[in-house]
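J.: Listed in order, the protein sequences are those of chains F and B. 337 is the number of the first residue of the first sequence in this note's numbering; add one for each residue after it. 369 is the number of the first residue of the second sequence in this note's numbering; add one for each residue after it.
Calculated directly from the structure, the hints in this document are not laboratory data. Just so it is clear, the structure is predicted and the values come from calculations on it, not from any experiment. Note that beta-carbon positions come from the ideal geometry of N, C-alpha and C, so glycine has one too. Among the hints, erroneous ones may be present.
Unchecked claim - Here are some, though not all, of the chain F residues that point toward chain B, as calculated from beta-carbon distances under 8 Å: (1) 461; (2) 938; (3) 939.
What the hints assert, rightly or not - Computed Cβ-Cβ distance ranges for the label pairs, DEER-style: (4) F:383 - B:370: 20 to 28 Å; (5) F:724 - B:453: 54 to 62 Å; (6) B:501 - F:401: 15 to 23 Å; (7) B:409 - F:401: 17 to 25 Å; (8) F:406 - B:426: 45 to 53 Å; (9) F:480 - B:564: 33 to 41 Å.
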Amino acid sequence: MKFDSAATTNPIDRLKVIGQPLDRIDGPLKTTGKAPYAYERHDIVADPAYGHVIGATIAKGRITAMDLSAAERAPGVLAVVTARNAGVLKKGNYNTAHLLGGPDIQHYHQAVALVVAESFEQARAAAHLVRIDYKAEPGRFDLHAAKGSATAPEPSDLTGPIDTHVGDFPRAFAQAAVRLDETYTTPDQSHAMMEPHATLASWEGDSLTVWTSNQMVAWSTGELATTLGIPPEKVRLISPYIGGGFGSKLFLRADVVLAALGARAAGRPVKVALQRPLIANNTTHRPATIQRVRLGAERDGTITAIGHESWSGDLEGGGPETAVGQTRLLYAGANRMTSMRLAVLDLPEGNAMRAPGEAPGLMALEIAMDEMAEKLGIDPVEFRIRNDTQVDPEHPERPFSARPFVQCLRLGAERFGWDRRNARPGQIRDGRWLIGLGMAAGFRNNLLAKSGARVRLDNLGVVTVETDMTDIGTGSYTIIAQTAAEMMGVPMEQVRVVLGDSSFPVSAGSGGQWGAASSTAGVYAACVKLREEVARKLSLNSADAEFVDGEVRVGNRSIRLQAAAAEGDLVAEDRMEYGDITEKMQQSTFAGHFVEVAVDSATGESRIRRMLAVCAAGRILNPKSARSQVIGAMTMGAGAALMEELAVDTRRGFFVNHDLVGYEVPVHADIPHQEVVFLDETDPMSTPLKAKGVGELGICGVGAAVANAIYNATGVRVRDYPITLDKHLDRLPDVA
Amino acid sequence: MRPFTYERATTPAEAAAAAAHTQGARFIAGGTNLLDLMKLQIETPPHLIDVNGLGLDNIEATEDGGLRIGALVSNTNLAADPRVRRDYGLLARALLAGASGQLRNKATTAGNLLQRTRCPYFYDTAQPCNKRQPGSGCAAIGGFTRQLGVIGTSDACIATHPSDMAVALRALDATVETVRADGATRSIPMADFHRLPGDTPHVETALETGELITSVVLPKPLGGRHIYRKVRDRASYAFALVSVGAVLQPDGTGRVALGGVAHKPWRGEAAESEMPRGANAVVGQLLAGARPTRENAFKITLVERTLASILVEAKG
Ligand SMILES: Cc1cc2nc3c(=O)[nH]c(=O)nc-3n(C[C@H](O)[C@H](O)[C@H](O)COP(=O)(O)OP(=O)(O)OC[C@H]3O[C@@H](n4cnc5c(N)ncnc54)[C@H](O)[C@@H]3O)c2cc1C
Ligand code: SF4
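Start from the sequences, fold in the hints, and give me the full structure.
T.: Structure (C-alpha cells):
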C-alpha cells in the first residue's frame, strides 16, 4: 500500500482499541521473568558453550604478537577466535571499525579475540591467559585540540546537507539590535542500557541462526551475512525481546559476529554477552560536540539571524553528530546558516543514541534561546512563540503537516505555573536550596520508513501478526496488537503478535522514533488486505463491510469473523510505503519542557524537583506506553543535563569510566515527579493511523530546560554539559 | 576469576590461622567488593576463608559505655540499631548514605572498612596502577582525576578510600579489634588503621597478613549534633565527591572528618580547635598542603562550603 495523500476516515478512527491506555501485553512475561532474552534461550539450546570477549588495550596501533597457547590449554577451552584464524571478514556498511580487530587496532577495547569454553567461568578465566603484545601509535583523542582540523563531511541520507544558508546571515547578524554569540559543549555519552549486547549463535551446515538483542532485524541480518561473506538467505536473526537499546543495538556489533565465529570454531552453539566494562569503548556512543550558536534579533524579539555550527569527531570514515538539524526548522528568521564539521578522532566510533542530532543540538540551541530572551527582556516562552513558523524556514514552500508548537508551550506554561517564575535569577530560596524554573522547546522530526507485516486469521477467530519489527521495551507488541484488533474488529485477547524474526516481513524496525508510526502503518496495510480476503471469502463487498465485535457486518447481515477461515487460515501480507508526501510537507513532533530544580547553595548539587512535558506527536496510539516513553526520555535528558559523561583520557585514548559505577545515569532519587500531557491531535499526513513517533521527542530539549532552571536558580550560566557542581561552585552566592 | 579453594572457619582464631596458612588467602564476608574484584582479576586469591560463621554479628555495650560492633554485623543492621541511631547518629547517617539497600544487607562492618578504591584506572587491568600491580606506574596521574585525592597523595598514587562508614568511625574515634594468626589480639585506633599511599599504595591498612578484624569499638557517646553530608553528582547510589562528617557541640567546638579527599578518612585534631572560628579556618588547616589536580581542585572549595553549611545547620 502506498501512502501519498492525507488519510481520510478509516476503521482506526473508531478508537475502540487504539488510543486506549492499555497495559503492555508483554508485561506479565517481563515481570515474571519469562520473556526469554537472547542470553537465556535455554529453551532452544540447553547446553551452549560460552564466549568471553577480549578487547584491545591500546587505542591505536598494531598487535605485534599473540600467544594463545596457555588459554587453549586451559580447562574447558574449546576454541580461541582471532582475526588470524577467523577467515576473511568483511566490514558492514553501518560499522566504521572492524568488529574483530587485528593486527591493526582502530580503537580501545576493539574486540581482538573470543575465548570459547564449556562454562562461562572457564572462558573468563582463560581469557586472562591470552598474551597480546601491541605496538601503540600516537592518535588523536581530543576534540578540542582537533577542532581546527575538522572538515566538511560527505553528506549522506543520515546527515542531510552539511551546510545551509538562507538570506545574508553575516550581515543580518552584524546589524541585529541584540546579538548572542556563545559556544556550548556536550560530552560523549553511553547508551547504558540494562541488557548488554548478547547473542546465541548456532550453525546447521552452512546456515546460521542467531538469537540476539537488536533493534533493526533486516539491517543486521544483511550486515552479518556481509561480514561473514555468506548469502543473506543463510542467516536467520531472531530478536523478540530487547532489554533497552537507545540506538546502541541498531547495528550489528561484535557479540553477534563473535558468537557466530565462536560457534563455527567450537562446532556447537555459543553464546556471548559483551562484558559491561567493554561496552562503553567496544560499542558505539553519542559523540561529543562543540556548538556555536549565534542569534540576532530586533528589540521586539523577532529573530533576524540564526546561525548554528557544530563540531564533532569520529574515526576515519565515520560521520558527524547532526546537532544543527533542528535549527533549520524550529524558529523563523530571514537570515540563517548552519554547518557541521567533522574531525578525525581515534576514539571508539560514534553513532546514533536516542534522538541523534536533536538531543545534543537542542541542549545548545535552547540555552541560547534562554540567554537571548533574557537579553531582550522577554519571557522565554513568549520569545519562542514570537518566532514560531508554520513553514520550513529554509524552504517556505513546505508547510508543516501539523505544528501545534505554540499550544504545547502555552499549555505547559499554564499547567506548570510558569507565571510564578522570577525572571531575575538567584532570587528564590527554600532553606538552603536555591530554586529555579526553566523551560525549553522539544522538537524531533517524524521519520517514516516502509514497513511490512503478515496477518493471519484462523478458525478460532485469532488474528496473528508477524513482522520483523522489534520491541525494545517501548510497547511495540501492544500497539501492533491494538492496530490489528481495531482493524479486524476483535478484542485484544484475540490478537497474537510475533516480532523480531528475520523470516518475517521486513519492518521499519526500532530507531529514530520511526518504529511506532511506521510499523503500525504496515500492520494496517496488511489488515486492509486481510479484510478484503475475509470479505471475498464471505462473498461480501469489502467496501461496505464493517468489522466489529468479532463479526463482519453488511447492512443487517452479520457473520462471525472466523467463518471466513473455516476452510483454512486466511493470510495477507503487505507493507506501507510512502510517496513524496514527506518532501512536500515537513513532519515533526513538538514539546514544551518545563523543569523546577533546587540547587544546594553550599555544595552546588542540582536536584530536579518536578518536570512537565507537553507533547504533540499526532494521534497517541496508547497513552500509557507513550507516557512511559516520554518519562523515560525525560529521565535520560535529566541525566544528560546533570551527570552523564564518558570521561576521555586524551593521552591514552579511551573512555575511562567504562562501567556503571563510573558512568552515572539517574536513579529514582534524581527523578521525583514527572508529568506528561499529550495534545489531542491527529496528523493525517503521517500515516493512516495519523500517529507520529514519540519515543525520542521526550529527551529533546530536556537537558536545556534543566540547564535553564539551574541558571534561574543560581544566576550562573554553565554552557558545558553535564552541569556538575564543580562548574558553578566558585561562582555561587556565598553560603548565608 | 581464577579458580580458588574455599573453607568455612568456625572461630576467629582458626580463621586467622588458616589465612596465615595459604599465601594470598582472603577472608570473605559479604563479598560485595571482593567478588567484583576477583571477577575482573584485580584480586586473585587462591583461597577464600568464609568468616560469616564466626558469630561476630552482634552489637554489645562495652563496660565504659560504648559499643562493640561485631565485624560481621551488616551495614543495614548497624544503621538500624537503636543505640547507634540514638548515640552515634553520624555513623547511622554515613552508612545509609552509602551504596544501596541490597548492598547494605550484604556488606559487613569489616568488609566496608577494607573495601578498595574506586579509582577507575585501578579497575581497568590494562592500565598501569601501582596499587593493583606494584611498580607498574600510575595511569591516573595526568589523566582523569576528578574523583581522586587532593591531600596525602603521593607520586605513586592519588586514589581515595571510598567508604562513608569509615569517615564516621574516624570522627567518633573508633578502634578496630583484631586477632592474628598466632592468636594474639590488638586494638588499632581508626587514625592509624588506614595508611597513606606513599611508595606502597598496595599496602592500605595497618593489618598484617592474615590478621582478622573481630570488632569495631565505639567509645562512649559524645553527644552533640551529628551531621553527615555526602556530596555527589546524583542523589543516591553514588560514591562521594567529598563527604563531611561532623559532631558539633553547643559550645561551638566539634569534630570533623572528610571522605573523598584522601587515601584514608581525613581528620586533623588540630584543625578542630579552629571550629569556633568557622569553616574557613578549619578547612584552611585541615587541608593545608593539599595537592589537588586541575580537575579536582574544586574539592577544596567544596569541603569548605559544605562544612560552612553544616555549621549553619547545627546552629539552626
Ligand atoms: C555498586 C556499589 C556501590 C557502592 N557504594 C558505596 C558507597 O556509596 N559508600 C560506601 O561506603 N561503600 C559503597 N560500596 C562498597 C560497599 O560498602 C562494600 O562493598 C562493602 O562494605 C564491603 O563489605 P563486604 O562484607 O561485602 O566485604 P567483602 O567484599 O566480603 O570483603 C572486602 C574486603 O574485606 C576483607 N574482609 C572482610 N571481612 C574481614 C574481616 N573480618 N577481617 C579482615 N578482613 C576482612 C576481605 O578479605 C576483602 O578484602 C558500594 C559497593 C558497590 C558494589
Ligand atoms: S591513583 Fe592509585 S589506584 Fe589509581 S591508578 Fe594510580 S596507583 Fe592505581
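J.: Confirm or reject each hint.
T.: Here is what the structure says about each hint:
Satisfaction of the interface hint for residue 461 of chain F is found here, the shortest Cβ-Cβ separation to chain B being roughly 6 Å, below the 8 Å cut-off. Taking 8 Å as the C-beta cut-off, the interface hint given for residue 938 of chain F holds, the closest approach to chain B being about 3 Å. Because the beta carbon of residue 939 of chain F sits about 5 Å from the nearest beta carbon in chain B, less than 8 Å, this interface hint is met. Our hint of 20 to 28 Å for residue 383 of chain F and residue 370 of chain B holds, since their Cβ atoms are close to 25 Å apart.
Take residue 724 of chain F and residue 453 of chain B: their Cβ atoms lie about 57 Å apart, and the range 54 to 62 Å holds. Separated by about 21 Å at the C-beta atoms, residue 501 of chain B and residue 401 of chain F satisfy the suggested range of 15 to 23 Å. Distance hint for residue 409 of chain B and residue 401 of chain F: a CB-CB separation of about 21 Å, consistent with the stated range 17 to 25 Å. Distance hint check for residue 406 of chain F and residue 426 of chain B: the Cβ-Cβ separation is about 47 Å, which falls inside the suggested range of 45 to 53 Å.
Our hint of 33 to 41 Å for residue 480 of chain F and residue 564 of chain B holds, since their Cβ atoms are close to 35 Å apart.
In the structure shown, no violation is registered for any of the earlier numbered hints.
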